[in-house]
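Peer 1: Protein chains in written order, with my numbering: chain A, 52 to 282; chain B, 52 to 282; chain C, 20 to 237; chain D, 20 to 237.
Interface residues of chain D toward chain B, partial, derived using beta-carbon atoms under 8 Å:
id: 1; residue: Glu65
id: 2; residue: Asn66
id: 3; residue: Glu77
id: 4; residue: Asp81
id: 5; residue: Ile85
id: 6; residue: Gln90
id: 7; residue: Leu100
id: 8; residue: Ala104
id: 9; residue: Phe107
id: 10; residue: Ile110
id: 11; residue: Gly146
id: 12; residue: Met148
id: 13; residue: Ser153
id: 14; residue: Thr181
id: 15; residue: Gly182
To be clear, the hints were calculated from the coordinates, so they are not data collected in a lab. Quick reminder that beta carbons are idealized off the backbone N, C-alpha and C, glycines included.
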Amino acid sequence: MISKVVAGPSEALHDLFDNATVMLGGFGLCGIPENCIAAILKKGTKGLTCISNNAGVDDFGIGLLLKTRQVKKMISSYVGENAEFERQLLSGELEVELIPQGTLAERVRAGGAGIPAFFTPAGVGTEVAAGKEVREFDGKQYLLESWLRADFAIIKAWKGDTAGNLVYKGTARNFNPMMATAGTVTVAEVEELVPLGTLDPNQIHTPGIYVQRIFQGKNYEKRIEQRTVSK
Amino acid sequence: MISKVVAGPSEALHDLFDNATVMLGGFGLCGIPENCIAAILKKGTKGLTCISNNAGVDDFGIGLLLKTRQVKKMISSYVGENAEFERQLLSGELEVELIPQGTLAERVRAGGAGIPAFFTPAGVGTEVAAGKEVREFDGKQYLLESWLRADFAIIKAWKGDTAGNLVYKGTARNFNPMMATAGTVTVAEVEELVPLGTLDPNQIHTPGIYVQRIFQGKNYEKRIEQRTVSK
Amino acid sequence: MLDKIGIAKRIAKEVKDGMYINLGIGIPTLVANYIPAHIQVVLQSENGLLGIGPFPKENEVDPDLINAGKQTITMMPGSALFSSAESFAMIRGGHVDLTILGAMEVSETGDIANWKVPGKMVKGMGGAMDLVASAKHIIVAMQHCSKDGASKLLKKCTLPITGIKCVKRIVSDLAVLDILPTGGFKLLERAPGISVEQIKNATEGRLVIEGNIPEMQL
Amino acid sequence: MLDKIGIAKRIAKEVKDGMYINLGIGIPTLVANYIPAHIQVVLQSENGLLGIGPFPKENEVDPDLINAGKQTITMMPGSALFSSAESFAMIRGGHVDLTILGAMEVSETGDIANWKVPGKMVKGMGGAMDLVASAKHIIVAMQHCSKDGASKLLKKCTLPITGIKCVKRIVSDLAVLDILPTGGFKLLERAPGISVEQIKNATEGRLVIEGNIPEMQL
Numbered sequence: 052m053i054s055k056v057v058a059g060p061s062e063a064l065h066d067l068f069d070n071a072t073v074m075l076g077g078f079g080l081c082g083i084p085e086n087c088i089a090a091i092l093k094k095g096t097k098g099l100t101c102i103s104n105n106a107g108v109d110d111f112g113i114g115l116l117l118k119t120r121q122v123k124k125m126i127s128s129y130v131g132e133n134a135e136f137e138r139q140l141l142s143g144e145l146e147v148e149l150i151p152q153g154t155l156a157e158r159v160r161a162g163g164a165g166i167p168a169f170f171t172p173a174g175v176g177t178e179v180a181a182g183k184e185v186r187e188f189d190g191k192q193y194l195l196e197s198w199l200r201a202d203f204a205i206i207k208a209w210k211g212d213t214a215g216n217l218v219y220k221g222t223a224r225n226f227n228p229m230m231a232t233a234g235t236v237t238v239a240e241v242e243e244l245v246p247l248g249t250l251d252p253n254q255i256h257t258p259g260i261y262v263q264r265i266f267q268g269k270n271y272e273k274r275i276e277q278r279t280v281s282k
Numbered sequence: 052m053i054s055k056v057v058a059g060p061s062e063a064l065h066d067l068f069d070n071a072t073v074m075l076g077g078f079g080l081c082g083i084p085e086n087c088i089a090a091i092l093k094k095g096t097k098g099l100t101c102i103s104n105n106a107g108v109d110d111f112g113i114g115l116l117l118k119t120r121q122v123k124k125m126i127s128s129y130v131g132e133n134a135e136f137e138r139q140l141l142s143g144e145l146e147v148e149l150i151p152q153g154t155l156a157e158r159v160r161a162g163g164a165g166i167p168a169f170f171t172p173a174g175v176g177t178e179v180a181a182g183k184e185v186r187e188f189d190g191k192q193y194l195l196e197s198w199l200r201a202d203f204a205i206i207k208a209w210k211g212d213t214a215g216n217l218v219y220k221g222t223a224r225n226f227n228p229m230m231a232t233a234g235t236v237t238v239a240e241v242e243e244l245v246p247l248g249t250l251d252p253n254q255i256h257t258p259g260i261y262v263q264r265i266f267q268g269k270n271y272e273k274r275i276e277q278r279t280v281s282k
Numbered sequence: 020m021l022d023k024i025g026i027a028k029r030i031a032k033e034v035k036d037g038m039y040i041n042l043g044i045g046i047p048t049l050v051a052n053y054i055p056a057h058i059q060v061v062l063q064s065e066n067g068l069l070g071i072g073p074f075p076k077e078n079e080v081d082p083d084l085i086n087a088g089k090q091t092i093t094m095m096p097g098s099a100l101f102s103s104a105e106s107f108a109m110i111r112g113g114h115v116d117l118t119i120l121g122a123m124e125v126s127e128t129g130d131i132a133n134w135k136v137p138g139k140m141v142k143g144m145g146g147a148m149d150l151v152a153s154a155k156h157i158i159v160a161m162q163h164c165s166k167d168g169a170s171k172l173l174k175k176c177t178l179p180i181t182g183i184k185c186v187k188r189i190v191s192d193l194a195v196l197d198i199l200p201t202g203g204f205k206l207l208e209r210a211p212g213i214s215v216e217q218i219k220n221a222t223e224g225r226l227v228i229e230g231n232i233p234e235m236q237l
Numbered sequence: 020m021l022d023k024i025g026i027a028k029r030i031a032k033e034v035k036d037g038m039y040i041n042l043g044i045g046i047p048t049l050v051a052n053y054i055p056a057h058i059q060v061v062l063q064s065e066n067g068l069l070g071i072g073p074f075p076k077e078n079e080v081d082p083d084l085i086n087a088g089k090q091t092i093t094m095m096p097g098s099a100l101f102s103s104a105e106s107f108a109m110i111r112g113g114h115v116d117l118t119i120l121g122a123m124e125v126s127e128t129g130d131i132a133n134w135k136v137p138g139k140m141v142k143g144m145g146g147a148m149d150l151v152a153s154a155k156h157i158i159v160a161m162q163h164c165s166k167d168g169a170s171k172l173l174k175k176c177t178l179p180i181t182g183i184k185c186v187k188r189i190v191s192d193l194a195v196l197d198i199l200p201t202g203g204f205k206l207l208e209r210a211p212g213i214s215v216e217q218i219k220n221a222t223e224g225r226l227v228i229e230g231n232i233p234e235m236q237l
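Looking at chain A on its own, in the form it has when it is part of the complex:
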């Protein structure tokens, strides 16, 4: 199998362009592509539409890209931990589209799976339903929701091989597997890049077919938002 390994995030994102739509994996700060976010910051790409469940915190994750005004629009389910975000939103500098978390996850999966639209009950009767087709099945109402795809899907995995096969760890899996399937170009950063044949084929979470570029990430900070311990 051909190798999809690139040297690092700069090479992986060399053709990221202004006004691109970018999916970023992660839930809160868990499982986010730290190396790629740093590279986008350095590259200075502007006008990004970011599809990500959350928007990071003020000084980490996507929050870093908000601070530098590289993000034009956020498509998320929850954006509550970020003061700069709030400021830009209230001042009208930032567009935000809020989507129920399960609908977001399924719309991304649908994007990767070639399903342009599907029915879901989430949001029926709420403002989320505005302008959407409502249809009843078996006595229950559902909304028609469409797929989401992106120019770039940027994801983080625990281990990956040179063919792009990926394994995630713990709850750092979250949105990463679906986003991997929905990018025209999918870039995966991994904590451990392993040789072909190292991963058990039965235990691969994301088959390499979805991944165009992969690199060994560095210096993972893995910041914790709510360190909660028991005695």
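Here the structure of chain A is known, so what remains is to put chains B, C and D in place on it, guided by the hints.
Peer 2: This is chains B, C and D only, laid out in the frame that chain A set:
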């Protein structure tokens, strides 16, 4: 976590009723629930609607239930290896609904995932599209297909724990994981029943939430349809 | 009048052996502390885990293992990890037996409002809309009235709603109530020391009172 | 006139380094044998495998590892296993670069018929309808004419179709042809020893011939 372990297939299927809709995992004879099929044969349940990608062969798999006329209807994508099947179909004893394989897989997934309908391109312009809504997205035509659910989903896994968490092996995975999610009662037979905590949480293919009953299977024959070897 | 812990304790009594449960942030999270030891349940975290364990010891903290509230957690023997799509497939497909969540308002037809307050920063609905639209059984943990005494159990929600006709049961600081299929709050239990009259005064929506209303046992 | 191996050899030349490919049963399966050693491709088996390896040695046979034709197979280093839903998500989502399959008829607009013959036992479409409706690039391996000499490259298919406007290229025993976006079979290459006249006579649908038509190189 509570244990879902039952003694064997008879106990697991004690409440299977005549005219039930039953999903059976497997592709060809690979990954089929051999023990449960034997138990249904013994129990003599009649009028079954079986949702399964294939219909077994004359003397194995679902073919055994066809021979005893326990099956009223087959919902499958390919039923080509079975002479008794052909005879019953031509004589009108057996109803058959043929569904494109990917549509079948996705309809079962939708059943488990609470998605009553979705759009897919498979079958547009063919007889499969008869009576179905056609809609265009981004210049391409799609059919609206509905979910599939069953009274019983009967699946086969490699390993399973007492909470119903499952791991499959090789291409014996196939339809089993989706079907596990789409049964009112899901029965899993496993080659190896292991204690709670034995399976790596990161490597579970089917979380136990989908499984109501699990048992240690016996005497797997694992018949091969096309033994093909290289020198 | 119940405090938060009282509400959590009362809700814990609704939990049955073998249930798969999703707990929202706030009071619902506290419920886990009061489930009796002989009752075995599996807690779902919608970011991709079945089988939430206790918070970790300092030396067990793993940044790759958090709950939906972004808190560090541990797993139980028998836990399973999965993606967000699988997690909400589970929720949407009706596989989670019980959802417990907070609310700012509930209507007498079971509508719930808990995600947005006009004029305040909108943080997003997270998984709440999926949970309320899909759950087989929803129990709401809430204050019966706002700080200025206005009822939060209403004829109709005034805040933007999260889901319609979904709430089945409410445990408030004053009472336990069911939403009737035909509409209305059916009073089941009074909080210790609270009179039916006090609950009447605190409930704007249609309150249905039949027979003697017992005091809750905690 | 090419035999089956000749058709497979010619199709093998269409394969590019790094491609993910789904091979149908019959001639398409043979294509794998003629892909040059320096070209690395990944073969998909729609029953849940990327990275089909050679057939197993007698002592390696594993009943839990078969291809879509139900034949025992092996895996390659870097293989990945998955469910049927994931497999067709991959196919439907356009992640497979090339699909090679057989056909009973192809129309000049790219419709394909390959699953059902009226009057004969219907075995089912299997994954064929998903594959043809979704593939980015489809090459059809087929006989140009039936045994009694009737053309299978038609204005319009006479058999029940598997998919519409999907075939991009045909490699038959007589020729290589592309389906033009506006309709019509554009003749690209002749099989060794076959004349343009012979191909004309064997093609019922609109045949487009421009310039000199070279003989294929195998």
